[in-house]
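Chemist: Could you build all of it, start to finish, from the sequences and the hints given here?
As a plain string of letters, each chain reads:
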Amino acid sequence: MLVRFLMTATLLAVVYDGALAQKASATATIASADGTAPVAAKAAPAILSKVTQIDIVGLKKLIKPTGRPLLINFWATWCPPCTEEFPDLVKIDTDYRGKLDVITVSLDDLADIDSYVPKFLAEMKAEMPAYLLHTKDEGAAIRLIAKDWSGNLPMTVLYDGSGSVAYMRNGKIRVQPLRDNIDKLLSPPATTK
Amino acid sequence: MKRVVLLFAAILAIGVAANAQGLAIGGKMENFSLTDANGKAQTLNDVKGTNGTVIIFVSSQCPVVRAYNERMNQIATDYKAKGINVIGVNANVTESPMEIKMHGEATYKFPVLIDKNSVLAEKINANNTPEAFFVDSKNVLLYHGAIDNDRSGRNVTEPYLRNAFEAALAGKKVEKASTVAFGCTIKKPGDGN
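These protein sequences, in sequence, are chains A and B. The working numbering numbers the first residue of the first sequence as 1 and each following residue consecutively. The working numbering numbers the first residue of the second sequence as 1001 and each following residue consecutively.
Since the hints were made in silico from the structure, they are not lab data. Just so you know, not all the hints are guaranteed correct.
Derived pair list, reagent style DSS-like, types lysine-lysine, alpha-carbon separation capped at 30 angstroms [claimed, not checked]: (1) A:LYS147 - B:LYS1123; (2) A:LYS147 - B:LYS1188; (3) A:LYS136 - A:LYS184; (4) A:LYS91 - B:LYS1188.
Fair warning: this is a prediction, and the values are worked out from it, not measured in the lab.
Modeler: Written as structure tokens, this is what we have:
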């Protein structure tokens, strides 16, 4: 009886998870037939990325200088240039991990925080911290990032370790200039022998 | 001679700054000429309302604009009788004139003009869709920004554009003359679309 219950519950959980991540191809686990150790499933659905809701206070905290360069990307699943540039951001996150903090801030509807947003991130295999900004005063959030920004997405800002803007791109990123600016920030100052 | 050169440089600097910032509140929108869906040239003075005109930059592809379509139509209907005309402008180089024509005719209760090569958008520094510029009968800018404070339309608490209309019709100052909100980027030439 217990085994049958466990199997049914697990199957329902997998179906639900699969519905959220239809096209994703990550791994998941299901209980073994005897209800003991979990085993890896073939063609299992994605483990959805966690997306944290923030307000303007949270946004301020995110861009607070930590001594390490920060790349922050504002995007939404409804924004085609945003989704088009996402693989490049994932690659940058991978290539500079440990040296550069990369975070993404979604402007999707709050209702999508557990569905479309994490589903897309899972499809992208994005591992950087992901947030969803929900605020009644979008203007304040926009002005916090850039005085002349009209709020059009995507927006990508590179901060140096002290919190100064080193590079900014409103619109789809241009990969090489962005990488050049990251490299410039990370390159050690010339030493004299 | 030195004074003349300095004066010329100052005038040039002011001109450059004004261009970078686009059209400021209280500034006059110059008469423009754009083509309508049938290829006919239409000037601002041809399409303006007796009590004002709102130019709304739209897109046939942007999901945020789609979410506003019904609200824009309602605004156009509500204020037509009050002498304020709604004019859509599509400045996206990624959208063909045929696409703009078909979408506009099927969707809107107001005309959509085509801003070829984003000339008007560049001139008044429009970057976002939807983005509204409300001018009075003398083409003086009274309001610039978002239509309201909720993309979804479910929780609108500040109908910015309607408030601006009502203030203007009552001969009062527009309290919130400038707002920003998240939206889609206008795809202009050279943006690497």
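Chemist: With reference to the structure, classify each hint as holding or not holding.
Modeler: Results for each hint:
no., hint, verdict
1, A:LYS147 - B:LYS1123, "19 angstroms, holds"
2, A:LYS147 - B:LYS1188, "21 angstroms, holds"
3, A:LYS136 - A:LYS184, "37 angstroms, violated"
4, A:LYS91 - B:LYS1188, "27 angstroms, holds"
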